[in-house]
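These protein sequence lines are chains A and B, in that order.
When we follow our numbering, the leftmost residue of the first sequence carries the number 67, and every step to the right adds one.
When we follow our numbering, the leftmost residue of the second sequence carries the number 21, and every step to the right adds one.
Simulated from the structure, these hints should not be mistaken for laboratory data.
A couple of the hints might just be wrong.
Once the Cα atoms are required to be at most 25 Å apart in a straight line, the calculated DMTMM-like pairs of lysine to aspartate or glutamate come out as [as the list claims (entries may be wrong)]:
{"id": "1", "chain 1": "B", "residue 1": "K500", "chain 2": "A", "residue 2": "D142"}
{"id": "2", "chain 1": "B", "residue 1": "K432", "chain 2": "A", "residue 2": "E73"}
{"id": "3", "chain 1": "A", "residue 1": "K82", "chain 2": "B", "residue 2": "D428"}
Cβ-Cβ distance ranges computed for the label pairs, FRET-style [said to hold, decoys possible]:
{"id": "4", "chain 1": "A", "residue 1": "A139", "chain 2": "B", "residue 2": "I524", "range": "11 to 21 Å"}
{"id": "5", "chain 1": "B", "residue 1": "K500", "chain 2": "A", "residue 2": "A139", "range": "20 to 30 Å"}
{"id": "6", "chain 1": "A", "residue 1": "V94", "chain 2": "B", "residue 2": "L267", "range": "34 to 44 Å"}
{"id": "7", "chain 1": "A", "residue 1": "D144", "chain 2": "B", "residue 2": "I176", "range": "47 to 57 Å"}
{"id": "8", "chain 1": "B", "residue 1": "L267", "chain 2": "A", "residue 2": "I133", "range": "41 to 51 Å"}
{"id": "9", "chain 1": "A", "residue 1": "D144", "chain 2": "B", "residue 2": "M82", "range": "15 to 25 Å"}
{"id": "10", "chain 1": "B", "residue 1": "V79", "chain 2": "A", "residue 2": "V130", "range": "23 to 33 Å"}
{"id": "11", "chain 1": "B", "residue 1": "E351", "chain 2": "A", "residue 2": "V94", "range": "46 to 56 Å"}
{"id": "12", "chain 1": "B", "residue 1": "L59", "chain 2": "A", "residue 2": "A78", "range": "13 to 23 Å"}
{"id": "13", "chain 1": "B", "residue 1": "F438", "chain 2": "A", "residue 2": "K137", "range": "42 to 52 Å"}
{"id": "14", "chain 1": "B", "residue 1": "I469", "chain 2": "A", "residue 2": "D144", "range": "46 to 56 Å"}
{"id": "15", "chain 1": "B", "residue 1": "V433", "chain 2": "A", "residue 2": "S71", "range": "47 to 57 Å"}
Beta carbons are placed, not taken as given, at the ideal position from N, Cα and C, and that holds for glycine.
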Amino acid sequence: MSGHSEESARLALMGKWATWVLLAAGAVLVVLEFVIHRHGEIAAEDIPLFPAVYAFVICVAIVVGGIWLRKIAMRDEDYYDDE
Amino acid sequence: MMSDILTSMPTSMPPGFVMMLAALPVIFVPHHLRQIFMLAVIGMSAWSLTAGAGDHWVVGLMGLELVLYRADHLSLPFAIVFHIAAALNVFYGWHEKRVTDHAAGIAYAGAAIAALHAGDLLTLFIWWEATAVTSVFLILASGTQRARHAAMRYLIVQVLSGVLLLSGAAMIYSETGSMTFTAMELGSLATWLVFIAFGFKAAFPLLNGWLQDAYPEATVVGTVVLSAFTTKLAIYALARGFAGTDLLIVIGCLMTAFPVFFAVIENDMRRVLAYSLNNQLGFMVVAIGIGTELAINGAVAHAFAHIIYKGLLFMSMGAVLYRVGTIKASELGGLYRCMPWTTVFCIVGAMSISAFPLFSGFAAKSLIMSALGYKGLVAAYLVLLAASAGVLHHSGIKIPYFAFFGHDGGHKVKEAPFGMLVAMGLASALCIGIGSFPALFYQLLPYSIDYNPYDASHVVGQLQLLIFSILAFTFLMTFKFYPPELRSTVLNTDWLYRRVAPAIGRPILSAIMVVWGSVIAAIAGYRDAILEAVERLMHAPITGPTVPGRAVMVQTLVLIVILAIGYLVAG
Numbered sequence: 067m068s069g070h071s072e073e074s075a076r077l078a079l080m081g082k083w084a085t086w087v088l089l090a091a092g093a094v095l096v097v098l099e100f101v102i103h104r105h106g107e108i109a110a111e112d113i114p115l116f117p118a119v120y121a122f123v124i125c126v127a128i129v130v131g132g133i134w135l136r137k138i139a140m141r142d143e144d145y146y147d148d149e
Numbered sequence: 021m022m023s024d025i026l027t028s029m030p031t032s033m034p035p036g037f038v039m040m041l042a043a044l045p046v047i048f049v050p051h052h053l054r055q056i057f058m059l060a061v062i063g064m065s066a067w068s069l070t071a072g073a074g075d076h077w078v079v080g081l082m083g084l085e086l087v088l089y090r091a092d093h094l095s096l097p098f099a100i101v102f103h104i105a106a107a108l109n110v111f112y113g114w115h116e117k118r119v120t121d122h123a124a125g126i127a128y129a130g131a132a133i134a135a136l137h138a139g140d141l142l143t144l145f146i147w148w149e150a151t152a153v154t155s156v157f158l159i160l161a162s163g164t165q166r167a168r169h170a171a172m173r174y175l176i177v178q179v180l181s182g183v184l185l186l187s188g189a190a191m192i193y194s195e196t197g198s199m200t201f202t203a204m205e206l207g208s209l210a211t212w213l214v215f216i217a218f219g220f221k222a223a224f225p226l227l228n229g230w231l232q233d234a235y236p237e238a239t240v241v242g243t244v245v246l247s248a249f250t251t252k253l254a255i256y257a258l259a260r261g262f263a264g265t266d267l268l269i270v271i272g273c274l275m276t277a278f279p280v281f282f283a284v285i286e287n288d289m290r291r292v293l294a295y296s297l298n299n300q301l302g303f304m305v306v307a308i309g310i311g312t313e314l315a316i317n318g319a320v321a322h323a324f325a326h327i328i329y330k331g332l333l334f335m336s337m338g339a340v341l342y343r344v345g346t347i348k349a350s351e352l353g354g355l356y357r358c359m360p361w362t363t364v365f366c367i368v369g370a371m372s373i374s375a376f377p378l379f380s381g382f383a384a385k386s387l388i389m390s391a392l393g394y395k396g397l398v399a400a401y402l403v404l405l406a407a408s409a410g411v412l413h414h415s416g417i418k419i420p421y422f423a424f425f426g427h428d429g430g431h432k433v434k435e436a437p438f439g440m441l442v443a444m445g446l447a448s449a450l451c452i453g454i455g456s457f458p459a460l461f462y463q464l465l466p467y468s469i470d471y472n473p474y475d476a477s478h479v480v481g482q483l484q485l486l487i488f489s490i491l492a493f494t495f496l497m498t499f500k501f502y503p504p505e506l507r508s509t510v511l512n513t514d515w516l517y518r519r520v521a522p523a524i525g526r527p528i529l530s531a532i533m534v535v536w537g538s539v540i541a542a543i544a545g546y547r548d549a550i551l552e553a554v555e556r557l558m559h560a561p562i563t564g565p566t567v568p569g570r571a572v573m574v575q576t577l578v579l580i581v582i583l584a585i586g587y588l589v590a591g
């Protein structure tokens, strides 16, 4: 059992590290946004940090949509087992 | 005589034929030798692609001209990647001793390759149905009751698609006198039938239930094999038949958007990938709808790259299922230590599908996004941008995170078999190769283009999209907003024919049976009454003040009338 919790602790630590690396990468990208002249395929994309904000909002919206979908479309695992 | 049958002499057998023919001997060749034999056969089939562009096999049949081998700039890239996928699948299934997977797999790939080279709609129909009939064994081979039912539903939908295609083809032939498979315009019933037939196999919205229903029920090797061919054959067919059809842009947008929500809450990881496959098809369908040279290149490039990275993702999940015995996200986690190579390969697949720069998805998807931008299709562009974030979310993060990291599932298993690792390694190399050398990759595409996806602006924009999507995931996980993986069934469009149709259909059928029963009973009643009357007449001759001859005459008359009525009714 101790191996199990040791493994869980290791995973948690990895998660923490990954989060910091991601935050750092995000920070670098924010800086880059104002260093290079970025332009997109459509006009809206030229708004500073548009891809970053859009992606973040969309990802949260997808999860909210998923939670909502669960309410209407989720059934027991054996729902179709009577076939 | 032969010259009557073959109006043009073949340079070699049409691609794919030899693979279908090999399915029988494959059964008798011993393990290991079988895999080598299959690779040789795939090589032979690929060799026949060297015949180059043109109509190479034209066969006369009952007054019809069947073009069995037509090659051009559109069929070639699909043919190349279908052969690559078939070969990778042989490596992936090297450990598998059950012969069904191999025989069905090679026949199925062969049928799909043959379909790519069909120059007319009847030939297309034949191989269209052949892909259905051969691939169903990959699902049946699972051997469970659940898989058998899913296989039958899969077969019904696939055959229905074929029947629609044949009906449309017959109507086109009667309208135009030609069966040539070429660009069509939606307008007549005939072309709509063909369009819907393609739509079933391309998993259009509402016609998609079979995909998520059946693919995850196939065997470990079977799902990988299935993921490559059927849907991309449909993409090829749409690109040839309906490029530039505006409706496809709307359909494609819906296809990219909806499966994302399902993928987020689905617990079966192979089903998550089946939803993700549907979403990826949406990108290709949108590109076909745009129809410009850049867009068609984008659709073909995306199909090419997708077959490899999606196959790779299915391979990694297949390896997990093979070793752990389950593929439910709720039971998995922490496998990175036991299966480090599989983890790395899965991450390569995840980064490719998410379109990280230097990975294949980036080289392919950029073409589609640019084609949308050039056309000024802003709404569709924003939907596909959102869907790109969604892809990253469910395929890029969810798949590797919940299988290999996440919480510790407590599984102590071995790394995937060597053959699986070879297949995943080769697929990974292709993903990185395509992403790193896009100019070489673009040379395979139907139209020559001068396009460079790697400008600083584009790369930074894409990285923003990706990194902030992952940050959103991290944020949601950290603050416990992310829905936990639950053992569950999520209703999809197959629910319509598994639950709704029977719920409505059964009472209607029973009502019809009741009415039918009473009609039959009434007819039987009348029949008995008539027979009884005749019987009475025959056995109780008219008595009284008559001569017996009269009774005989009346009986004869009645019999004549009955016989006459009987004759009329029977006539």
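Hints, one by one, checked against the model:
Distance hint between K500 of chain B and D142 of chain A is fulfilled; the C-alpha atoms sit about 23 Å from each other, no more than 25 Å. Taking the CA atoms of K432 of chain B and E73 of chain A, the gap is about 12 Å. The hint holds against a cut of 25 Å. With a CA separation close to 15 Å, the supplied pair K82 of chain A and D428 of chain B stays within the 25 Å bound. Between A139 of chain A and I524 of chain B the beta carbons are some 19 Å apart, a value that agrees with the proposed interval 11 to 21 Å.
Between K500 of chain B and A139 of chain A the beta carbon distance is about 22 Å. The supplied range of 20 to 30 Å therefore holds. Between V94 of chain A and L267 of chain B the beta carbons are some 42 Å apart, a value that agrees with the proposed interval 34 to 44 Å. Distance hint check for D144 of chain A and I176 of chain B: the Cβ-Cβ separation is about 23 Å, which falls outside the suggested range of 47 to 57 Å. With their beta carbons about 32 Å apart, L267 of chain B and I133 of chain A fall outside the hinted range of 41 to 51 Å.
Restraint check, D144 of chain A to M82 of chain B: a C-beta distance of roughly 51 Å breaks the suggested window 15 to 25 Å. Our hint of 23 to 33 Å for V79 of chain B and V130 of chain A is violated, since their Cβ atoms are close to 57 Å apart. The given range of 46 to 56 Å is broken by E351 of chain B and V94 of chain A, whose C-beta atoms sit roughly 37 Å from each other. Look at L59 of chain B against A78 of chain A: about 45 Å separates their beta carbons, and that is not inside 13 to 23 Å.
Separated by about 45 Å at the C-beta atoms, F438 of chain B and K137 of chain A satisfy the suggested range of 42 to 52 Å. Between I469 of chain B and D144 of chain A the beta carbons are some 52 Å apart, a value that agrees with the proposed interval 46 to 56 Å. At about 20 Å, the beta-carbon gap between V433 of chain B and S71 of chain A misses the expected band of 47 to 57 Å.
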